[in-house]
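Sequence order for the protein chains is A and B.
Read in order, the letters of the first sequence correspond to residues 1 to 392 in the numbering used here.
Read in order, the letters of the second sequence correspond to residues 1 to 392 in the numbering used here.
It is worth saying that the hints were derived from the structure and are not from the lab.
Any given hint could turn out to be false.
To be verified - Restricting the straight-line Cα-Cα distance to at most 20 Å, the calculated cross-link-like pairs of lysine to aspartate or glutamate (EDC-like) are:
1) A/K24 - B/D163
2) B/K24 - A/D163
3) A/K330 - A/E303
4) A/K308 - B/E223
5) B/K227 - A/E303
6) B/K9 - A/E25
7) A/K151 - A/E113
8) B/K308 - A/D163
To be verified - Here are some chain B residues pointing at chain A (derived, C-beta under 7 Å):
9) S7
10) F14
11) G15
12) I209
13) N231
14) Y251
These figures come from a predicted structure and were not determined experimentally.
Just so you know, even glycine gets a beta-carbon here, dropped at the ideal spot from N, CA and C.
Protein chains: 2
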Amino acid sequence: MLNFTFSNKTRIHFGEQQISQVAKEIPLSAKVLITYGGGSIKKNGVYDQVIDALSEHKVFEFSGIEPNPSYEKSMEAIALVKQENIDFILAVGGGSVIDASKFIAAGALFNGEPWDILAKGATVEAAVALGAVLTLPATGSESNGGSVISKLSTKDKLPFMSDLVQPLFAVLDPNVMNTLPIRQLSNGVVDAYVHIMEQYLTYDVNGKIQDRFAEGLLLTLIEEGPKLFSNETTTNNNTANKYQVNANVMYSATLALNGLIGAGVPQDWATHMIGHEITAVYGLDHAQTLAIVLPRMMWEMRETKEAKLLQYADRIWNITQGDTQSRIKKAIEKTEAFFHSVQMKTRLSDYNLGEDVVDVIIEQLARHGMTQLGEKQLVTLEQSRNILLKSV
Amino acid sequence: MLNFTFSNKTRIHFGEQQISQVAKEIPLSAKVLITYGGGSIKKNGVYDQVIDALSEHKVFEFSGIEPNPSYEKSMEAIALVKQENIDFILAVGGGSVIDASKFIAAGALFNGEPWDILAKGATVEAAVALGAVLTLPATGSESNGGSVISKLSTKDKLPFMSDLVQPLFAVLDPNVMNTLPIRQLSNGVVDAYVHIMEQYLTYDVNGKIQDRFAEGLLLTLIEEGPKLFSNETTTNNNTANKYQVNANVMYSATLALNGLIGAGVPQDWATHMIGHEITAVYGLDHAQTLAIVLPRMMWEMRETKEAKLLQYADRIWNITQGDTQSRIKKAIEKTEAFFHSVQMKTRLSDYNLGEDVVDVIIEQLARHGMTQLGEKQLVTLEQSRNILLKSV
């Protein structure tokens with residue numbers, strides 16, 4: 001196990017009827033900005049529950065945050081926060097709304113041009129207090145300090161991290177998943193799965209607990225994820241079962257990226273870096289890009305990841321027979337089949353993209369300095385090119 | 001999955017040379033009280049590392065905290081904290097020192113007789129800030145808000161819980177285990193194992209992640225625990241391996257009782273309640289009592305715990321053949337054999353205690369209102385009597 005420092009301050013309120021907890025979590029004296037996206041929260045009842053809970057608070061609203069939230073839109077919210085002296089931001093949405101809210105929280109108190117936080121790694125020294133009501137389990141953003149923001153004008157999609165923007169609390173009510181479109185459920189399951197893989201599929205450092213926890217989350221997603229899409233689960237006369245499936249998927253996604261399974265072990269993230277570029281240029285959903293890149297990443301890096309790939313094959317898919325190459329191949333096929341089982345496609349060509357994508361993405365990676373990715377910095381531009389070529 | 005609220009504020013500094021982190025964690029302006037036990041930290045170098053780290057701080061010391069820490073000794077420390085206006089307590093030790101330090105932290109600012117916190121469940125409304133340097137992995141006390149204190153004069157051993165006494169940080173350096181006596185290593189492994197079982201072996205609420213995490217910790221303890229006692233691991237020319245065994249056991253013990261695996265699932269704790277009485281009257285080590293009670297508890301409550309017992313048999317011990325009764329029986333035998341493999345005895349008679357113990361312990365349980373224990377309150381005094389009788 002590697003040395004590490006870990007804590008997670010976000011208070012998770014998990015379960016039915018938990019949205020009312022926001023009333024206790026936000027000081028009555030606070031001027032609250034509720035941030036959200038395209039308005040689905042007004043259709044599924046979440047908006048009403050939040051407004052009810054905050055009936056005693058002074059509340060402002062900022063809506064229209066996009067998927068792959070933009071710097072440009074966030075800057076509008078930053079202006080509002082400054083103008084109204086907002087002192088608490090409540091993000092009501094999925095990873096995009098929460099990520100944008102983190103950037104808004106940091107940017108509003110940043111001394112200078114907030115883009116520097118992303119482009120130059122400028123230190124965040126203060127941030128507006130932040131809480132979250134999660135409406136889409138996927139990114140884990142509700143209980144970590146990470147955020148990814150896109151600049152539309154330059155097609156840059158860049159991350160930043162700060163403890164100061166980690167939500168103080170997050171409400172996870174599995175019932176919010178009942179009204180999600182299939183595409184968002186698919187995205188959520190795949191995003192969580194690949195987050196786990198980025199922290200698990202590296203090399204062995206005797207992090208036995210971290211391995212077991214990662215495997216536990218993968219197995220839960222494999223068992224429960226496909227049920228989100230089965231008629232048996234989605235019929236209305238099976239509400240209790242459906243709630244439990246939602247609950248296990250939702251909690252898996254949070255635990256996948258709250259720092260726990262990555263503390264004390266190496267981390268990869270090469271699949272994410274390549275995926276981000278595909279989203280930035282071609283607009284695919286984040287998880288769609290991950291499902292395309294990961295299987296080819298696993299194969300391309302099979303030598304340096306061999307021991308973990310064999311452990312993954314064994315403990316996740318019960319593949320113990322055959323030579324090393326064939327076991328790895330089977331485990332990758334199983335992974336891709338799992339993505340298909342949660343209605344996720346795994347090829348660039350599924351989105352009408354062809355080989356011409358490859359040069360464009362490689363140029364993006366070069367421009368962003370992504371020339372040595374992965375846990376051992378062994379994913380060079382040549383490897384990325386191979387991965388992309390095979391992913392068509 | 002049940003509704004839950006969970007967070008854990010304790011910042012874990014894990015690994016070699018991490019004790020130096022205490023310098024950054026404790027404000028320079030603080031008057032620090034270092035609390036410890038019988039002085040083993042002066043022999044194994046931990047005391048020197050702590051004193052080095054706090055060379056710029058104003059430091060006081062309080063030593064002599066006992067195993068099963070007493071109210072009486074804690075009251076001496078409370079007097080010192082008040083007299084010197086201590087504003088940070090650094091517990092350097094195992095669960096006993098940390099538990100005592102929690103009571104000291106709460107008692108020093110308590111308005112009234114501190115024993116009421118334990119005996120009457122009086123609310124803790126303030127506590128001195130607390131940090132921990134762990135020297136014995138076992139109780140998990142370093143990252144939770146629980147504490148158990150014994151009153152020597154009345155043979156009462158009682159718990160209290162408060163977020164206010166949860167350590168702000170905890171340093172876990174696996175090297176501190178190198179100088180621990182075998183008895184303490186045995187205690188640590190068994191204590192952690194039974195903590196996990198108390199949160200796992202109840203009834204199914206679809207807490208699939210909690211189950212997987214609990215099983216992951218159990219499997220890690222089963223794989224790594226016995227290595228603590230094997231010559232292969234303990235020879236000096238195998239330092240790296242030994243460190244990794246220590247690390248996985250130490251981290252398992254912390255995760256066993258930091259709230260994570262118990263959030264969203266029912267909890268039992270009947271074995272602990274019976275065990276506490278045995279320690280209070282006969283002075284057995286806490287873990288020794290757990291190893292005696294747990295196997296008989298599993299058998300006595302086999303009907304209400306049936307589904308989980310079969311899952312435990314399957315996932316932990318690969319027992320899938322035979323009828324229900326025989327699978328449960330085998331799983332319990334395996335559990336008891338595991339305790340033996342970490343040099344822990346599992347019978348009252350191993351400590352020269354006989355059937356006359358039974359009435360005494362039942363009377364203690366009755367006196368403390370422990371007449372309906374366990375996750376379904378089904379462990380009556382009659383069940384406890386059966387368990388104790390079969391545990392001789």
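Any of the earlier hints contradicted here, and which numbers?
-> Going through the list in order, the structure violates hints 5, 8 and 13 and respects the others.
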